Amino acid sequence: MYTLLTSLDPSSIPSSLTPPKVIVFSSANPSFWIGHYDINLILPNGTSLSANETTALFEKNVAVARALGTLPTIFIAEINGRTTGSGGEFLLQCDMAFAGPDAVLGSMEGAVGGLQGNGGIQYLVRRVGMARAAEYLLQATSIGAQEAAEVGWVNRAFESEDRLREGVDEIVYRLSLLPAGGLNGTKSAIRANGPSVEQADADVATILRLFPDEIGYLPRLIELSENQTAGEFELGALRDIKDVERLHGVE
Amino acid sequence: MYTLLTSLDPSSIPSSLTPPKVIVFSSANPSFWIGHYDINLILPNGTSLSANETTALFEKNVAVARALGTLPTIFIAEINGRTTGSGGEFLLQCDMAFAGPDAVLGSMEGAVGGLQGNGGIQYLVRRVGMARAAEYLLQATSIGAQEAAEVGWVNRAFESEDRLREGVDEIVYRLSLLPAGGLNGTKSAIRANGPSVEQADADVATILRLFPDEIGYLPRLIELSENQTAGEFELGALRDIKDVERLHGVE
Amino acid sequence: MYTLLTSLDPSSIPSSLTPPKVIVFSSANPSFWIGHYDINLILPNGTSLSANETTALFEKNVAVARALGTLPTIFIAEINGRTTGSGGEFLLQCDMAFAGPDAVLGSMEGAVGGLQGNGGIQYLVRRVGMARAAEYLLQATSIGAQEAAEVGWVNRAFESEDRLREGVDEIVYRLSLLPAGGLNGTKSAIRANGPSVEQADADVATILRLFPDEIGYLPRLIELSENQTAGEFELGALRDIKDVERLHGVE
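Line by line, the protein sequences are chains A, B and C.
Quick note on this note's numbering: the first sequence kicks off at 1 and runs consecutively.
Quick note on this note's numbering: the second sequence kicks off at 1 and runs consecutively.
Quick note on this note's numbering: the third sequence kicks off at 1 and runs consecutively.
Keep in mind that the hints were calculated from the coordinates and are not lab data.
One thing to keep in mind: the hints can contain errors.
Since the list gives no way to pick one copy over another, a pair counts as held whenever it fits inside one copy or between any two copies.
[To be verified] Below, computed lysine to aspartate or glutamate pairings styled on DMTMM-like, alpha-carbon distance capped at 25 Å:
1. Lys242 with Glu198
2. Lys21 with Asp240
3. Lys242 with Glu170
4. Lys60 with Asp9
Because the structure is a prediction, the values reported are computed rather than measured.
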């Protein structure tokens with residue numbers, strides 16, 4: 001993703017070429033659009049990466065989020081599976097999002113004592129307001145496509161996967177006909193309402209401050225999710241209070 | 001309320017204790033959640049308080065509003081009665097609000113030439129947008145639970161008082177299981193989108209500037225409401241234009 | 001419009017008079033509320049105006065937008081026809097907007113490589129959020145009253161022109177009874193959430209930067225719209241992809 005987005009920076013594109021007007025992020029996996037981070041990558045001793053490599057990975061994550069907001073290309077999320085954790089942040093940082101009937105959107109960071117980072121909280125506040133962002137993020141829960149469309153988490157929900165694909169295709173075709181200058185200028189003017197770099201940095205700093213507390217909860221999350229395989233727990237996306245109880249040893 | 005909130009400040013809590021994760025504000029009065037200020041308290045000669053005591057009361061009101069935004073505890077408004085005037089401001093300053101079928105939300109300040117203060121306007125703008133905040137606040141009117149949920153004034157409306165209680169209890173139980181660090185960090189990141197202290201101060205300054213004009217309207221409000229008893233006028237919450245006409249001598 | 005709004009400035013009103021509390025912008029033309037700019041006025045050689053006169057016209061447009069936000073009078077848009085281009089910006093800069101069944105709201109600037117200016121984008125973001133503003137503005141499309149009310153582009157949609165008129169009249173009558181001080185103070189506090197002058201200036205600068213690119217598309221727009229007469233193309237308000245295809249020579 002980092003490589004893809006870096007390649008879209010106008011300064012890295014030969015002047016004889018132009019960056020794409022639109023990119024759609026879709027998923028061939030019917031259960032997941034983009035899931036959460038591989039928890040082993042952030043657990044001490046959970047990975048063979050060096051500390052420097054882990055830091056570099058984290059910094060790329062930050063760079064990806066900023067690129068989605070600042071690149072002239074329009075980014076559309078076409079989702080019909082789960083988006084939780086980093087996947088949920090990524091969706092919110094796209095310019096638009098459209099959902100099919102099997103979309104599940106949420107955050108799980110709060111369940112292990114962390115928080116959505118690097119713009120995730122701030123963009124959700126801009127889509128659904130402070131009070132509804134509090135309701136969803138503090139509970140670390142997930143919702144379906146219909147509710148997501150009603151509150152504005154996604155632009156709209158389609159009744160079938162085929163209609164989702166057609167709807168996004170219509171938008172992409174229309175954008176493809178329009179001059180790049182107006183698209184870029186409009187995107188920039190809209191994005192001026194995004195979170196400041198200072199606020200995104202402050203949220204990242206809170207994440208890093210809380211991370212030592214989180215470490216204690218992560219092994220249980222790995223255990224319950226059978227090391228993050230697509231079983232009952234992982235697919236449940238913490239919608240069921242029983243899964244929160246199991247995570248926190250109240251059964 | 002001031003004493004309650006002051007007691008929740010982590011700096012005033014012994015390090016062996018932790019502040020509560022969640023506080024729910026409910027009301028045992030079926031007609032009112034929190035109503036407006038006692039108008040006698042703000043009328044010159046309407047009270048036996050000294051000028052210093054009145055100022056202190058006002059400053060505590062400002063401190064309460066700020067505490068709701070800055071304390072780590074999550075504040076939930078569970079309302080099934082009227083919230084007007086200061087009560088309406090208080091609701092908006094909570095982190096979330098859930099309504100039962102008998103909830104009535106509104107502002108009455110505009111009807112006597114004043115305005116919602118100290119964050120009330122600013123938080124309503126963040127929940128319902130500028131144009132709808134203008135519609136409700138300029139008219140000094142009140143709305144029911146269903147409309148409040150549709151526009152985002154409350155998080156959601158429940159069809160009965162029992163379902164309201166169950167719904168809030170489920171949220172509180174879920175939050176009680178989750179680590180305090182993530183709850184606090186998420187609340188702080190969301191609240192960074194609240195009004196600035198400068199804006200809240202500016203609104204308070206406008207209120208104080210307008211107050212001499214308001215004084216002329218308040219005796220009629222006291223008269224119509226039979227000194228603020230829960231009769232027809234007070235329960236009407238200015239929804240009926242006839243009550244506005246009576247207040248302004250157009251009958 | 002500039003003369004009207006200038007006349008409402010309290011500093012230009014004799015102290016024995018007061019500015020009106022409310023002004024409603026309605027249209028006697030059943031097809032249009034306010035349409036787009038006369039394109040001939042902005043085309044080089046399309047007008048007999050001198051460069052200085054064109055600049056003055058443009059600056060008045062900017063001044064009109066700012067006056068709607070800063071004057072104490074409450075501005076209500078009562079629309080039941082098309083509002084595109086500058087008309088669409090004007091609507092967004094009013095304090096409230098109410099729509100009848102024949103209202104069509106949109107932007108067409110993006111279709112010719114430009115963007116909504118001088119607050120239009122910024123106010124739409126505040127009404128419908130960043131993602132929905134992106135969806136509508138990037139596509140340079142238009143929507144009907146019902147969808148506009150659901151997403152918050154207008155305050156509400158009425159089922160008939162008569163009900164629209166009655167609904168707005170009720171609001172105007174209610175506001176007419178209320179003290180001017182509270183109306184003005186509330187409007188100011190709400191408008192503090194509008195775009196900064198710096199952001200509006202930045203959008204205007206982008207428009208001026210893009211304008212040379214736009215010039216190439218405008219003659220085709222004039223041709224398709226039969227010089228902006230109320231025919232099929234103009235009334236379509238770019239809702240049909242076929243009109244975008246015709247504009248960009250893909251047929």
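Which numbered hints are broken by the structure, listed smallest first?
Failing hint: just 1.
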